[in-house]
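I would like the entire structure built from these sequences, with the hints used as guidance.
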Amino acid sequence: MLPTSLPGDDYDTYSAMLRSLEGREDLTWLVIQETRIDQTVSAIANRGGYHSPIPEEPHDLHERAKRLHNHWFKLTSAKDKPERWEVRFDTTYLPSLLTAQALDSGERAKGFKLDLTPAQKAEAEEKYKAYRKRRDGAVSYLKKNPPKPMAWVPIQTDAEEVKRGIWETIFSDGIVRAGRKVLGKQMAANPLFKPVYRDLVTERVPYGWVDPNQPAEEFNEADHLKEMEAFREESRLRQERSDRQAKFQEELRAAERGDKDEL
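1 is the number of the first residue of the sequence shown in full-length UniProt numbering; add one for each residue after it.
Rather than coming from a laboratory, the hints here were simulated on the basis of the structure.
The C-beta atom is built at its ideal place from N, Cα and C for all residues, glycine as well.
Be careful, since some hints might not be right.
Here are the simulated EDC-like pairs of lysine to aspartate or glutamate, each with C-alpha atoms no more than 20 Å apart in a straight line [said to hold, decoys possible]: (1) Lys-74 - Asp-90; (2) Lys-181 - Glu-168; (3) Lys-194 - Glu-168; (4) Lys-148 - Glu-86.
Label-pair ranges, simulated between beta-carbon atoms [as the list claims (entries may be wrong)]: (5) Pro-215 - Arg-241: 35 to 41 Å; (6) Pro-118 - Asp-80: 41 to 47 Å; (7) Ser-20 - Pro-215: 34 to 40 Å; (8) Lys-226 - Tyr-197: 34 to 40 Å; (9) Tyr-197 - Met-17: 27 to 33 Å; (10) Asp-90 - Val-182: 23 to 29 Å; (11) Arg-236 - Gln-39: 23 to 29 Å; (12) Arg-257 - Lys-113: 39 to 45 Å; (13) Ser-242 - Lys-113: 29 to 35 Å; (14) Pro-118 - Gly-48: 33 to 39 Å; (15) Arg-241 - Glu-126: 15 to 21 Å.
Next comes the structure, spelled out in structure tokens:
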């Protein structure tokens with residue numbers, strides 16, 4: 001759907017996927033961060049305008065994407081949202097935008113379950129398998145080669161005076177003030193602090209890294225060539241769709257200019 005949907009797209013599947021996100025109750029902040037689905041929904045919600053026109057789409061897709069984006073934005077902006085170094089960030093389930101009561105009688109029986117065709121399911125499983133391979137490989141590398149922490153934070157505590165006491169343990173004189181230099185080794189040696197790292201997807205992992213703790217995979221040239229061919233075909237289809245989208249948006253802009261000229 002980015003930057004625009006195209007005539008002939010499977011709008012029913014788009015709607016079903018969006019409906020699943022509207023009603024899911026198993027999304028944690030960690031899942032949102034790693035999948036970046038909130039960024040995708042935000043981009044869909046912010047389509048439109050002269051420079052990025054979109055056609056009339058069925059199922060109220062654009063407005064629903066806006067409502068879901070606003071829902072997640074409010075949750076992100078809430079004061080009680082856990083920070084990503086807190087345990088609650090991994091375990092807190094976000095409240096869904098919709099409940100079954102919000103659906104009409106025809107949709108209520110199905111609920112929010114996403115039903116895929118066998119072909120769609122096979123494609124989704126293949127993409128997830130590739131994603132997990134990249135993710136698990138990155139995790140194994142970073143466990144053996146820890147990256148440099150982005151920051152250090154006190155181990156979670158609610159009492160403000162306790163937090164200040166934790167910071168006082170960093171300095172031999174116990175004086176805490178803005179601007180004092182703190183060395184990384186001071187933080188690393190202090191059990192009252194824990195490191196905060198960048199997002200997993202932003203960490204650099206050498207190409208071809210293999211986890212030594214996993215069984216060695218025998219190189220298969222035929223499988224490798226098949227993967228490369230699939231990658232090239234996917235890139236070709238993506239570029240082809242991008243070209244069609246650009247052409248379609250130009251047609252939409254031309255139609256809008258024509259309407260204005262008639263006025």
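TODO: Compare the structure with the hints numbered earlier in the document and write down the numbers of the violated ones, lowest to highest.
DONE: Those not satisfied: there are none.
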